[in-house]
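Q: What follows is each chain in one-letter form.
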Amino acid sequence: MTVSIPYSLVPGSKAKAEEVNANFVALKNGIETLDANKANKDFSNLTASEIDAVKETIGVTYKNIGEIVYSTIPLTDGGLHLLDGALIRSGAYADFVNYIKNIYLTDAAPNIFCSEEAWQTSVNTYGECGKFVYDSENETVRLPKIDGLLQGTTDLSVLGNLIQAGLPSITHTHTRGSMDITGKFYVRGYKTASETNTNGSIYEPGGAFSRSGNSTSGAYAVGDSSTKYQYTMNFKASNSWSGSTSNNSSVNSVYGNSSTVQPQTVKCFIYIVIANNTKTEIQSNIDDILTDLNAKADLDGTNMVQSVKHFDSGWVKSTYDVASSVSLNNSSNNYNLSSYLPDDNYCYEVIGSVHGTTGSTSGDNADIHIGSSVVDATYRVACAKTRASSSVSWGGSFVIPIGTDRIISLGNYSSNSANVSNFRIFAYKRIGTNQ
Amino acid sequence: MTYYIYIENDAINGAGQAVLENENCSNIEITQDLFNLYTNDPDKYIWNGSEIIENPDYQTIIHSREIQIEKNQILEELENLDKKRVRAICENEIKDQETGQTWLEFYNNQVLELRARLNSLS
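Taken in sequence, the protein lines are chains F and H.
Going by our numbering, the first sequence opens with residue 1, and the numbers climb by one from there.
Going by our numbering, the second sequence opens with residue 436, and the numbers climb by one from there.
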């Protein structure tokens with residue numbers, strides 16, 4: 001905005017009061033107009049370069065959720081994610097997950113989704129899948145995996161469809177061109193005045209024709225009546241085939257360069273926008289975390305629920321009656337802890353105890369062992385033997401790793417009866433994925 | 436929470452929260468109340484081939500247990516009396532000067548009474 005001053009005052013000249021006042025009034029009006037524009041957020045008077053400068057200053061790079069961004073260099077923007085089939089969880093990307101969730105729940109574009117199984121099958125078969133997988137239970141979205149070409153469409157129902165490579169059927173018309181097959185032979189003969197039939201012989205077969213063998217049996221006489229010959233005439237095209245059948249100059253030099261249809265391309269990363277105000281969301285999450293940490297600052301933990309009550313380096317307190325009142329006689333039982341341990345692919349350690357009595361016959365023996373697939377064996381946790389006709393108590397405790405099969409075995413390896421009063425687990429801790 | 440009673444060889448063999456994965460064993464889902472009742476006294480319930488029912492012989496079992504408890508008490512007392520009788524033989528002292536009864540005779544009388552009671556329980 002330009003403010004025009006009505007009078008230009010010259011140094012050394014005497015200024016008139018009304019001219020000075022007029023200049024101040026003009027300046028005052030200009031300032032008031034500028035203030036009014038600012039109050040109304042009217043930046044229409046900003047030039048394009050000024051607008052760009054403002055954008056650069058405040059870092060505006062707004063993009064829509066779900067937009068595709070191509071780049072020949074890796075991008076580190078937290079709002080972008082490669083279309084590599086990754087699993088996106090809510091939290092910092094709640095906007096994206098909710099956006100996909102809304103499409104899923106409203107059935108606005110059902111064909112952009114497929115099941116996890118179908119997604120994996122497509123990737124295993126074709127190396128990519130253009131569909132999303134939405135998991136409503138865990139609030140996750142699996143991104144498409146795309147490392148090929150993208151093709152436009154105006155049909156909502158085919159979004160994300162994978163079109164396999166293909167070529168039209170080939171039809172071919174072939175002309176003889178200059179190809180020629182030639183051959184010739186002569187028949188020489190004569191006919192006497194006294195003979196009814198003409199006598200002759202095959203002479204100088206050539207080209208595709210050839211002569212073989214001879215026979216006097218059943219042949220007409222050649223020359224005088226004492227000699228008779230019969231020849232076999234052969235035809236073989238390759239003896240004379242010459243010229244060419246077509247012109248192969250139309251065959252493209254790129255044939256055979258690829259195992260499938262492949263135009264010339266340049267490789268680049270394909271990103272999808274999964275957050276367009278990531279910094280704000282992450283800052284919000286940090287604020288939430290700080291709030292939670294502040295609430296836990298006194299390490300009270302009383303507001304924690306039982307299932308998440310960790311009491312030492314990942315141990316989770318949770319009591320579980322594996323089995324009670326079980327009789328074992330030189331036998332073992334396999335118990336499945338799937339309903340106790342988390343449903344994942346990790347191994348866990350468990351703390352537990354087992355106690356009971358021997359049989360009541362003199363000499364009854366309890367030889368109690370615990371085992372799992374991780375230790376690949378069993379180890380003794382208790383042993384007791386009676387000396388009289390009454391039961392003897394036994395008991396022991398254990399810490400044992402449990403594999404992903406979640407099986408814990410309890411056995412009595414003596415040939416006498418033992419009774420298990422209680423077989424309990426009190427806590428578990430994740431220890432890794434490998435057995 | 437899910438609880439099970441384990442059926443093995445057509446009879447109950449324990450209960451718990453874990454699924455028993457042995458071959459030829461069945462896991463019968465039960466309530467937590469039944470689990471608590473069963474683990475409190477496993478003899479109270481039986482498997483009749485199709486369901487878990489209260490054991491019709493439960494009172495007999497209770498009676499047998501009481502007898503067994505009394506037997507065990509008698510056997511324990513006899514054990515203690517045997518020690519006392521060994522000491523009585525070694526020391527050979529008169530318990531009652533008026534009757535002339537020794538400690539060994541005194542303990543022997545008690546043993547006879549306990550054995551008679553033990554035999555009556557059998």
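Derived by calculation from the structure, the hints in this document are not laboratory data.
We treat Cβ as the ideally placed atom computed from N, Cα and C, and that holds for glycine.
Take the hints with a grain of salt, since some may be wrong.
Stated by the list, open to error - Computed cross-link-like contacts, BS3-like style, restricted to lysine-lysine with a CA-CA straight-line distance of at most 25 Å:
#1 Lys236(F) to Lys184(F)
#2 Lys518(H) to Lys385(F)
#3 Lys385(F) to Lys506(H)
#4 Lys530(H) to Lys518(H)
#5 Lys131(F) to Lys267(F)
#6 Lys506(H) to Lys479(H)
As the list claims (entries may be wrong) - Cβ pair distances, simulated, as ranges:
#7 Glu501(H) to Tyr379(F): 36 to 44 Å
#8 Ala94(F) to Asp476(H): 47 to 55 Å
#9 Glu456(H) to Arg387(F): 33 to 41 Å
#10 Asn471(H) to Ser362(F): 53 to 61 Å
#11 Ser331(F) to Arg550(H): 33 to 41 Å
#12 Gln494(H) to Tyr379(F): 36 to 44 Å
#13 Ser362(F) to Gln494(H): 27 to 35 Å
#14 Ser499(H) to Ser362(F): 17 to 25 Å
#15 Ser318(F) to Glu486(H): 30 to 38 Å
#16 Asp445(H) to Arg387(F): 47 to 55 Å
#17 Glu458(H) to Ile68(F): 54 to 62 Å
Q: Now, for every hint given, state plainly whether the structure supports it.
A: Results for each hint:
Among the hinted pairs, Lys236(F) with Lys184(F) is consistent with the structure: their alpha-carbon atoms are about 12 Å apart, no more than 25 Å. Restraint check for Lys518(H) and Lys385(F): the C-alpha separation of about 24 Å stays at or below 25 Å, so the hint holds. Distance check on the hinted pair: Lys385(F) and Lys506(H) sit about 21 Å apart at the alpha-carbon level, within 25 Å; holds. Straight-line distance between C-alpha atoms of Lys530(H) and Lys518(H) comes to about 17 Å, which keeps the hinted pair within the 25 Å bound.
Under the criterion of a C-alpha separation no larger than 25 Å, the hint pairing Lys131(F) with Lys267(F) is consistent with the structure, at around 21 Å. Note on Lys506(H) and Lys479(H): the hinted pairing holds, with a Cα-Cα distance of about 22 Å set against a maximum of 25 Å. Between Glu501(H) and Tyr379(F), the C-beta spacing of about 39 Å keeps the proposed range 36 to 44 Å intact. Distance hint check: the CB atoms of Ala94(F) and Asp476(H) are about 54 Å apart, consistent with the given range 47 to 55 Å.
Between Glu456(H) and Arg387(F) the beta carbons are some 36 Å apart, a value that agrees with the proposed interval 33 to 41 Å. Between Asn471(H) and Ser362(F), the C-beta spacing of about 33 Å breaks the proposed range 53 to 61 Å. For Ser331(F) and Arg550(H), the Cβ-Cβ distance of about 39 Å falls inside the hinted range of 33 to 41 Å, so the restraint holds. Taken as a hint, the range 36 to 44 Å holds for the pair Gln494(H) and Tyr379(F), whose Cβ atoms sit roughly 42 Å apart.
Distance hint for Ser362(F) and Gln494(H): a CB-CB separation of about 29 Å, consistent with the stated range 27 to 35 Å. For Ser499(H) and Ser362(F), the hinted distance range of 17 to 25 Å is satisfied, since their beta carbons lie about 19 Å from each other. Distance hint check for Ser318(F) and Glu486(H): the Cβ-Cβ separation is about 31 Å, which falls inside the suggested range of 30 to 38 Å. For the hinted restraint 47 to 55 Å between Asp445(H) and Arg387(F), the CB-CB distance of approximately 34 Å leaves it violated.
Roughly 55 Å separates the CB atoms of Glu458(H) and Ile68(F), a value that falls within the hinted 54 to 62 Å.
The earlier numbered hints that this structure contradicts are 10 and 16.
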